[in-house]
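Trainee: If you're matching them up, the sequences are chains A, B, C and D in order.
Note that the first sequence ends on residue 434 in the numbering used here; no numbers are left out.
Note that the second sequence ends on residue 434 in the numbering used here; no numbers are left out.
Note that the third sequence ends on residue 434 in the numbering used here; no numbers are left out.
Note that the fourth sequence ends on residue 434 in the numbering used here; no numbers are left out.
Source of the hints: derived by calculation from the structure; they are not laboratory data.
Identical chains blur together in the list; that is why a pair holds if it fits in one copy or across any two.
Listed below are the simulated DSSO-like cross-link pairs for lysine-lysine, each with C-alpha atoms no more than 27 Å apart in a straight line:
{"id": "1", "residue 1": "297", "residue 2": "133"}
{"id": "2", "residue 1": "94", "residue 2": "133"}
{"id": "3", "residue 1": "279", "residue 2": "297"}
{"id": "4", "residue 1": "94", "residue 2": "424"}
{"id": "5", "residue 1": "297", "residue 2": "205"}
{"id": "6", "residue 1": "205", "residue 2": "279"}
There are 4 protein chains.
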Amino acid sequence: MKSDIGNMNTKLETRNSKLRVGIYGGSGYGGSELLRILLLHPNVEISFVTANEQAGKRVGEVHRNLAGLTDLVFSGAPDGPSSLTDVDCVFLALPHGQAMALVPTLPTHVKAIDLSGDFRLRDQQEFEKHYNRAHTAMSSQAEFVYGLTETNREAIRNARLIANPGCFATATLLGLAPLAAKGAINGRVIVDAKTGSSGSGAKAAANTHHPQRMNSFYAYKPFNHQHVPEIEQELRAIGDWTNELVFMTHSLPVSRGIFASIYVETNSDFSEPQLREMFAEFYRDSFFIRLVEGSPDINWVKTTNFCDLGFATRGRSVVVFSAIDNLVKGAAGQAVQNMNLMFGLDEKTGLMLVGTNP
Amino acid sequence: MKSDIGNMNTKLETRNSKLRVGIYGGSGYGGSELLRILLLHPNVEISFVTANEQAGKRVGEVHRNLAGLTDLVFSGAPDGPSSLTDVDCVFLALPHGQAMALVPTLPTHVKAIDLSGDFRLRDQQEFEKHYNRAHTAMSSQAEFVYGLTETNREAIRNARLIANPGCFATATLLGLAPLAAKGAINGRVIVDAKTGSSGSGAKAAANTHHPQRMNSFYAYKPFNHQHVPEIEQELRAIGDWTNELVFMTHSLPVSRGIFASIYVETNSDFSEPQLREMFAEFYRDSFFIRLVEGSPDINWVKTTNFCDLGFATRGRSVVVFSAIDNLVKGAAGQAVQNMNLMFGLDEKTGLMLVGTNP
Amino acid sequence: MKSDIGNMNTKLETRNSKLRVGIYGGSGYGGSELLRILLLHPNVEISFVTANEQAGKRVGEVHRNLAGLTDLVFSGAPDGPSSLTDVDCVFLALPHGQAMALVPTLPTHVKAIDLSGDFRLRDQQEFEKHYNRAHTAMSSQAEFVYGLTETNREAIRNARLIANPGCFATATLLGLAPLAAKGAINGRVIVDAKTGSSGSGAKAAANTHHPQRMNSFYAYKPFNHQHVPEIEQELRAIGDWTNELVFMTHSLPVSRGIFASIYVETNSDFSEPQLREMFAEFYRDSFFIRLVEGSPDINWVKTTNFCDLGFATRGRSVVVFSAIDNLVKGAAGQAVQNMNLMFGLDEKTGLMLVGTNP
Amino acid sequence: MKSDIGNMNTKLETRNSKLRVGIYGGSGYGGSELLRILLLHPNVEISFVTANEQAGKRVGEVHRNLAGLTDLVFSGAPDGPSSLTDVDCVFLALPHGQAMALVPTLPTHVKAIDLSGDFRLRDQQEFEKHYNRAHTAMSSQAEFVYGLTETNREAIRNARLIANPGCFATATLLGLAPLAAKGAINGRVIVDAKTGSSGSGAKAAANTHHPQRMNSFYAYKPFNHQHVPEIEQELRAIGDWTNELVFMTHSLPVSRGIFASIYVETNSDFSEPQLREMFAEFYRDSFFIRLVEGSPDINWVKTTNFCDLGFATRGRSVVVFSAIDNLVKGAAGQAVQNMNLMFGLDEKTGLMLVGTNP
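Kindly produce the complete structure, drawing on both the sequences and the hints.
Mentor: Quick look at the structure:
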């Protein structure tokens, strides 16, 4: 296993073979994490990174963690497809609603991975209800593949356009997929999900004001978080899902991390080892899924692309615990994992983002 | 309402009429909070406070928040009932298992409030299973009243011995009691409960080591937390409870606070206002229950005796959110609230512990 | 000492004798803390509290910690002196620059305590340089007394107008006053001061964005913090101050608290006990000054009106450590302490805000 | 600059050429960070890692961040030099006092880097005073080179034994070295240093108990921290140091990071640009030193090997701000940086540990 890791980061790649990649929307946390990962990706060269409000500033001035590591400068709004002649792939880390306008203008030789919610939902009505805006590019939507890497690998390899999953959706779907695939779930499923403050984005707001947030825990958007329809859509794709989903989001006083406690009633009794075996089989080729003893802890996945899963069972009452970093496996990391597959690379390339203790 | 508050803290009480109170186990967080409250309680004089390991030390040296506020000194292990001649009431804030030995030796003129789990359970087998020790004072147990103030007021007024509820049990029962009393619950109930680090006590331990804890969120004791049997016992007393309870405890990276997300399927549809009305009626005489718009937040109850409750509903799917300070309403505050009732005082006396923003 | 405390909070006061108090600017953290303290003050009745943007909202809706404790509603901008006929005292917790306009319009029977920086500086040029605005009410300024209670008690008792000290100034001056009064300081003094995030106010901003702030520590406003001139002005009043002051402010990832490490070279050698004795003598009548063994800790003063002072010495190198809660002793608590003196009350009245462990 | 980074992590190295490295003491935070770095180091193969109490356990079970990344198992106490035949280099991350016994037994073909304080001080008396134990290997000490990479590169390249600097010493020396080298400092220097809780190690203790620590800030070990003599020793080596050093350590409520505010009086006036130029020149070949605008922030160096330096000046009053990650540049990262030099590698190899925003 060890040597495997070594290989990931020591592959010799000639300059000529590098993918040329552009980032739309590089000043937020999604963009920040894409930059952190792609700057060291052995097969990538960053062609451009946009950030309207920060255009002209050096990347290392805005993301001060990157000072000394890159000479990149933010450019302004994209100036049309002609500028993409040399580009192989673009990441869209824009506010909801902007990718819709951009994607139809992309030249067909350019692959795209959208980190927003614009193209995740196949049902226009569902989209418009949850995102509170008209959808103007449903014909493009039809080309998109939902980028939950572990359940959609083959489709992703062949895709030109990827709708990267939401952070809550990633944590939840990875915890439910093996059970849903077996049709083992009975009745309603309850997901009690919690996120760190970076989930609210890079702009200061009342709910992320430090004096209060550091001592807070509260629920928000009961039942109606915009990730619910994409979770239901994908569960229907994975298994024979007709169950009720009760989805509740809460705010944690940490910077990074999502933890989902997923309560399921199964069709038959499960011991914890039986459940573990089912998951191990389902994820046997999935390096970034770790099945842990007891409960996972967001501390052990922070800054990494891992999803840690743990279990507790009592007869037919099953609880799956799922922990990810909302900005990595829940956003930028999974996006790069998908890019790797789309260009024939090992999905781990550039994603050996080792966590820390403490 | 304002003048009401004023009255609480301006009651003129002559020295002679003050209750004489002793505290067994004053060095932990339960003891710390009892001291904070009782030092300013207008009807209380503290006779003694024990702390074996700290005996001889000034209280303000151990609880440095209390420096300058009291000359009290910790005494050693209690030296028998003879020393209690002058004492009206004792609080037991001892590790699990120690109250069992002490209570049977108390003179009958002394009332007692036990903050440990020793006397909460009527069923000896349940106790021994969850606390992992033999019970040696079940005959005393029969005299104990369970001290969830809001549901047990009359019994508490007449009690000599109070088993003060567990912190998780308090948050959960206050969120479920109105529904259970109406027999409105169908099927299994799921309680996703989260606690701050002070719930682990005042002694340093691996799970409260700051470098890791500040970035952690994880589940522990799945299904089997020792507060489960007391919750079930009291729900049977409040209503006609035969439901399954799935109870899951998690650790939050805050110092103080419990937040419980309680998932219920009701017998019929409920709107949020209907639910609120049911709760308002049930708690109409309960000053310390606040029904909030949207979700409660532990930030608004920290250091106070309030339990904030909020609701979300979708047809028969009902979620109750319950937030308390684990050391106040979940321990020392509720204990003093019970003492007030046992001695004919207004239950709010000495408990106007106003929270802070931020 | 204990009974002393009891007396503070059990004074019987008839309604008629209560001071009628108004608060201008009740929605920020200064206002929030004034409300927390004054609602329970046995000699105070709150006549009004303004908050332009929140006018019409219930106080407990904005400061959710106060829900259930008051029926007060925020009023709009003050409507002129006629409305103050019945008012004895007003607190001004307004943004810098607004008190200047308001104070000259106050009827002379109304006493006022200004928590902003508008009236702290006797030198108009110093004011205009540090606050970056013209001063329009210097004739009113001449009437103001600087409200550092422990060094200015007699003047405060007789004052109609109080300029309440800045939070950094309070922590620093209380640590330096005894040494300055003795003329014991030689050469330059270095103050390395650190503040919690509530020092930035109740409005969300980039520097208090939780995802970043929780892991941050940094310096800001080197040499030039606006509290420097008030510190120098008061040191000149207390002693014969001609020393250089190097004052450096830093941001801490806590919600509340200021910690100042004050580096002094003294004229002669000092042992730690000698220094302690000097401070004990200087503060012998100052209940809210606690001299601690070793270092103070902001944890033990948070939410209280205490200033904890500790010492370290090596020959003529002396370090004084000063810890306060920036919003209490550094703002609202000291303001109420001053009000108490101005109206002939014990300065501790209503200020027995006991801290917590943890 | 960008391609530079790329080269670091894409160097093709054959298995045969890899350094074989052993770690003594792999269960603490120093060991944890060495493992995180060395597992991905392209030129290193880990031969063994010891941890007495954890012997037999998998590394990924103890450092759960490393689960899935290595099959390494902790071994027990080192079993003598014979086991080191194949080993090129060992890291000693043992409690103070243990390296002293081990180093004299190492075969001469093995290079060693000691992260403890055992071999940093050339003066036996100073060692015994500050570390409170006898030194039993002063003859070995004479062979050690002090491993502050940026000031000692040439000696490090040729060294067999390295005494890796203390975390506070690293932050302080990097901030003072350019000024000391110029002999520009007049009079006493004051260092106000602050550290995160991981500086106390991986074992839970009272001062790192989360419920209290999360709201704490306090000073400790005034004047006498054990890093003081190594700072003074190295300043004498760098320049003509005869100044007084006042060194004060404080505890921050973050997990990782050291921030030092260094107050200097210079021989002549300095503008901030002049100071910056002096530092830029001194560190012109030092990739891991970043000179920032305004103040550094520990948030931007956490988990990285960078030392960020910032400045403020007023005439001859100069303040240097220095920020590092105590476990990386202050321990494991600098140790690997030194190993790289000792074996002829680029000092950046394996140390492109990119920080994160947030």
